[in-house]
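Trainee: Go ahead and model the full structure; you've got the sequences and the hints to work with.
Just so you know, the sequences run in chain order U and A. Be aware that the first sequence starts at 1, since it is given in this note's numbering, and climbs by one per residue. Be aware that the second sequence starts at 1, since it is given in this note's numbering, and climbs by one per residue.
Calculated from the structure, these hints are not laboratory results. Every residue, glycine too, gets a C-beta built ideally from N, C-alpha and C. Every clue listed holds true.
Sample of chain U residues facing chain A (criterion: CB under 8 Å; computed from the structure): (1) Asn54; (2) Arg55; (3) Ala56; (4) Cys326; (5) Tyr330; (6) His394.
Number of protein chains: 2
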Amino acid sequence: MSEWQKVEGHLGSPLGFRGAAAAAGIKKAAETLDLGLLFSDAEETSAAGVFTTNRAAAAPVVYSRSELRAARGHARAVVVNSGNANAATGRAGLGVAAATARAAAKILDVPRNHVLVCSTGVIGVPLPLERILDNLPALAKHLSPSNAASLARAILTTDTFPKSAVLASERRGRRVHVAGIAKGAGMIHPRMATMLAFITTDAAVAPPLLQKLLAASVNASFNRISVDGDTSTNDTVLLFASGLSGVRVTAGAAERWFGEGLTELCQSLAKMIVRDGEGAHKLVTIEVTGAADAADADRVARAVANSPLVKTAIAGSDPNWGRIICAAGYSGARFDAAKMDIRVNELFLCRRGLDAGFDDAAARAELDRKELTLRLDLHQGKASTVFWTCDFTHDYIDINASYRT
Amino acid sequence: MSEWQKVEGHLGSPLGFRGAAAAAGIKKAAETLDLGLLFSDAEETSAAGVFTTNRAAAAPVVYSRSELRAARGHARAVVVNSGNANAATGRAGLGVAAATARAAAKILDVPRNHVLVCSTGVIGVPLPLERILDNLPALAKHLSPSNAASLARAILTTDTFPKSAVLASERRGRRVHVAGIAKGAGMIHPRMATMLAFITTDAAVAPPLLQKLLAASVNASFNRISVDGDTSTNDTVLLFASGLSGVRVTAGAAERWFGEGLTELCQSLAKMIVRDGEGAHKLVTIEVTGAADAADADRVARAVANSPLVKTAIAGSDPNWGRIICAAGYSGARFDAAKMDIRVNELFLCRRGLDAGFDDAAARAELDRKELTLRLDLHQGKASTVFWTCDFTHDYIDINASYRT
Numbered sequence: 001m002s003e004w005q006k007v008e009g010h011l012g013s014p015l016g017f018r019g020a021a022a023a024a025g026i027k028k029a030a031e032t033l034d035l036g037l038l039f040s041d042a043e044e045t046s047a048a049g050v051f052t053t054n055r056a057a058a059a060p061v062v063y064s065r066s067e068l069r070a071a072r073g074h075a076r077a078v079v080v081n082s083g084n085a086n087a088a089t090g091r092a093g094l095g096v097a098a099a100t101a102r103a104a105a106k107i108l109d110v111p112r113n114h115v116l117v118c119s120t121g122v123i124g125v126p127l128p129l130e131r132i133l134d135n136l137p138a139l140a141k142h143l144s145p146s147n148a149a150s151l152a153r154a155i156l157t158t159d160t161f162p163k164s165a166v167l168a169s170e171r172r173g174r175r176v177h178v179a180g181i182a183k184g185a186g187m188i189h190p191r192m193a194t195m196l197a198f199i200t201t202d203a204a205v206a207p208p209l210l211q212k213l214l215a216a217s218v219n220a221s222f223n224r225i226s227v228d229g230d231t232s233t234n235d236t237v238l239l240f241a242s243g244l245s246g247v248r249v250t251a252g253a254a255e256r257w258f259g260e261g262l263t264e265l266c267q268s269l270a271k272m273i274v275r276d277g278e279g280a281h282k283l284v285t286i287e288v289t290g291a292a293d294a295a296d297a298d299r300v301a302r303a304v305a306n307s308p309l310v311k312t313a314i315a316g317s318d319p320n321w322g323r324i325i326c327a328a329g330y331s332g333a334r335f336d337a338a339k340m341d342i343r344v345n346e347l348f349l350c351r352r353g354l355d356a357g358f359d360d361a362a363a364r365a366e367l368d369r370k371e372l373t374l375r376l377d378l379h380q381g382k383a384s385t386v387f388w389t390c391d392f393t394h395d396y397i398d399i400n401a402s403y404r405t
Numbered sequence: 001m002s003e004w005q006k007v008e009g010h011l012g013s014p015l016g017f018r019g020a021a022a023a024a025g026i027k028k029a030a031e032t033l034d035l036g037l038l039f040s041d042a043e044e045t046s047a048a049g050v051f052t053t054n055r056a057a058a059a060p061v062v063y064s065r066s067e068l069r070a071a072r073g074h075a076r077a078v079v080v081n082s083g084n085a086n087a088a089t090g091r092a093g094l095g096v097a098a099a100t101a102r103a104a105a106k107i108l109d110v111p112r113n114h115v116l117v118c119s120t121g122v123i124g125v126p127l128p129l130e131r132i133l134d135n136l137p138a139l140a141k142h143l144s145p146s147n148a149a150s151l152a153r154a155i156l157t158t159d160t161f162p163k164s165a166v167l168a169s170e171r172r173g174r175r176v177h178v179a180g181i182a183k184g185a186g187m188i189h190p191r192m193a194t195m196l197a198f199i200t201t202d203a204a205v206a207p208p209l210l211q212k213l214l215a216a217s218v219n220a221s222f223n224r225i226s227v228d229g230d231t232s233t234n235d236t237v238l239l240f241a242s243g244l245s246g247v248r249v250t251a252g253a254a255e256r257w258f259g260e261g262l263t264e265l266c267q268s269l270a271k272m273i274v275r276d277g278e279g280a281h282k283l284v285t286i287e288v289t290g291a292a293d294a295a296d297a298d299r300v301a302r303a304v305a306n307s308p309l310v311k312t313a314i315a316g317s318d319p320n321w322g323r324i325i326c327a328a329g330y331s332g333a334r335f336d337a338a339k340m341d342i343r344v345n346e347l348f349l350c351r352r353g354l355d356a357g358f359d360d361a362a363a364r365a366e367l368d369r370k371e372l373t374l375r376l377d378l379h380q381g382k383a384s385t386v387f388w389t390c391d392f393t394h395d396y397i398d399i400n401a402s403y404r405t
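Mentor: This is the structure in structure tokens:
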């Protein structure tokens with residue numbers, strides 16, 4: 001059993017964090033929140049970040065990655081906008097990112113490299129700096145713990161609902177919170193940093209340990225989800241630790257305890273992203289067991305999670321397990337197809353590589369569920385893994401055939 | 001200029017080849033051709049094959065790959081069925097493949113390992129051997145050069161049109177033919193052997209050279225197309241050379257001449273497959289130039305060709321070049337996004353990593369074409385490549401959400 005419980009709250013629930021959001025006119029629809037500011041009152045706030053591995057990384061990624069490194073894992077604020085990715089915007093785009101951070105640092109009275117920036121939205125269009133600068137003073141003025149709740153909406157693009165979760169746990173009589181928000185509905189793919197997520201905690205964690213714990217949690221959550229196989233230019237996970245709970249996390253038991261909560265939080269947000277995948281109607285968990293090693297388990301899970309043929313079969317509740325065995329077959333993993341078992345939930349579709357003689361209507365009923373699990377047992381060894389994906393529907397095409405315009 | 005011309009004809013046009021097809025009841029729809037036989041009259045027929053790399057390779061792949069090797073590149077016939085892939089059918093499936101070959105060899109009076117077998121269709125359902133055996137005698141009886149034309153229809157599954165091409169060339173006063181047919185509309189992905197294709201020629205080519213030339217041609221054609229990123233369990237390209245034209249192909253100029261024709265034929269068939277991609281409305285050529293090396297050129301082209309976001313943007317004629325730069329970015333290739341140019345046909349969308357300031361209506365008009373080219377210049381080096389892909393539409397979902405049932 002986990003020592004962490006889900007609780008009501010928002011990004012401002014951990015002690016020390018305030019936030020605010022505004023409609024700055026970056027998105028076409030006026031009145032839509034598209035600019036947010038998150039700030040930590042604690043001078044000694046630690047920060048960790050995991051960034052996209054995309055070689056065409058956007059200006060805010062290039063900027064924040066470099067500043068966070070220069071500040072040795074200390075940062076107190078992030079300015080985030082939606083509606084424009086500030087990607088493929090060249091030297092001018094980097095200038096906009098830096099000017100945004102500089103302006104926010106001045107207003108917040110912190111060193112410039114303690115302000116990070118994130119952007120999400122359309123690629124290749126200049127980000128209008130003046131709309132950000134015009135709105136920063138009001139944002140700073142409205143900073144409050146409860147206003148931080150609105151950040152979950154300010155970062156959305158094609159998402160259909162805001163994604164937020166808060167966990168709490170007691171440690172030596174003191175209460176510690178971990179809170180997070182995320183966005184991302186397309187361009188989701190299980191490689192390093194697949195969307196935007198912001199996490200706050202009032203635990204005290206030194207920067208190197210914070211970075212290590214974040215990397216591990218991201219690997220067990222955001223790097224195990226797939227909507228469409230595209231890895232974005234912008235995606236970033238940032239974690240800020242104010243330390244104001246008075247609970248210090250160091251190597252050993254405390255590290256395991258905090259890491260568990262952080263991973264649970266990240267998995268919870270990751271599953272919300274998949275559930276909100278562009279056009280998705282179903283949340284599909286892919287469990288692979290019996291793999292020869294962890295890398296092979298991942299290869300199989302990833303291939304099945306990304307296969308358009310598997311994802312369309314799930315959309316149609318078609319128990320076409322041949323497509324699953326086929327995807328495993330081209331994954332690059334070592335296994336013997338004649339040993340593989342495949343179940344949807346508890347129902348066997350394939351046993352030892354052959355049709356399990358299942359009842360078609362019963363299989364369809366399992367696949368009709370809004371949340372379902374595909375279980376693949378390779379019977380090769382003892383390694384296992386879990387991935388999350390969604391079905392592939394008409395709505396994905398509708399959303400993406402005309403996103404830009 | 002190529003020395004090869006497209007001519008009217010079919011798989012039976014090269015001297016020595018006869019074929020026939022029948023409706024054997026393997027497909028649900030009666031009267032639909034689903035069984036075919038191709039036979040070479042020449043005892044010294046050479047044969048070459050390229051097979052799927054999928055680890056869950058189907059019984060006919062396992063069988064034919066092994067027999068072709070055992071016979072050191074000699075084979076005279078292939079039995080092919082559609083409607084059932086004989087994949088994930090275990091030991092029984094291998095028995096069906098072997099029994100099919102044995103029965104055909106007896107009727108045709110050739111050694112058993114001179115008969116290959118291929119299957120395509122649904123995975124995981126036993127292939128009814130008796131329907132094949134019942135129809136083989138009549139098939140053998142109806143073998144003729146002109147009846148070979150019907151094989152192009154007998155191998156189809158979700159394809160909407162038969163794919164066939166014939167090239168001819170003169171060599172020292174003698175006329176040589178290369179003819180081919182192909183099928184494949186889903187599970188198409190640029191890795192070794194991505195569909196079914198059968199090629200006949202009346203050139204005389206020794207087995208080792210024939211295999212080398214086929215591998216090179218497949219690599220420049222069928223391995224450079226993408227419909228949905230899935231690599232099938234069954235896919236196979238077989239090439240038979242009867243030698244009856246009297247023109248012998250050996251290393252040097254003749255090899256280059258014949259290889260050129262073979263590659264042109266394979267590219268022609270590969271493009272037909274993409275044009276008939278499940279739900280596809282457009283044939284998209286991806287040209288990558290200026291890559292640091294050939295592997296990087298391929299990485300970029302493959303990532304762009306497979307990106308669901310790029311493919312849906314093309315479906316919607318949306319000049320969203322940011323998705324192209326993004327796909328290149330996660331391809332693993334080394335390049336500097338700030339140097340990249342992107343054109344649709346001749347129109348610049350992105351110049352040196354930035355928006356080229358194009359006219360939106362003009363860009364949409366270019367993207368509205370049924371055949372269009374995306375040109376990416378990385379400005380990193382001198383390597384280049386070409387891939388072919390299609391757009392990603394509603395119809396792909398419709399076809400695949402209910403293929404099995």
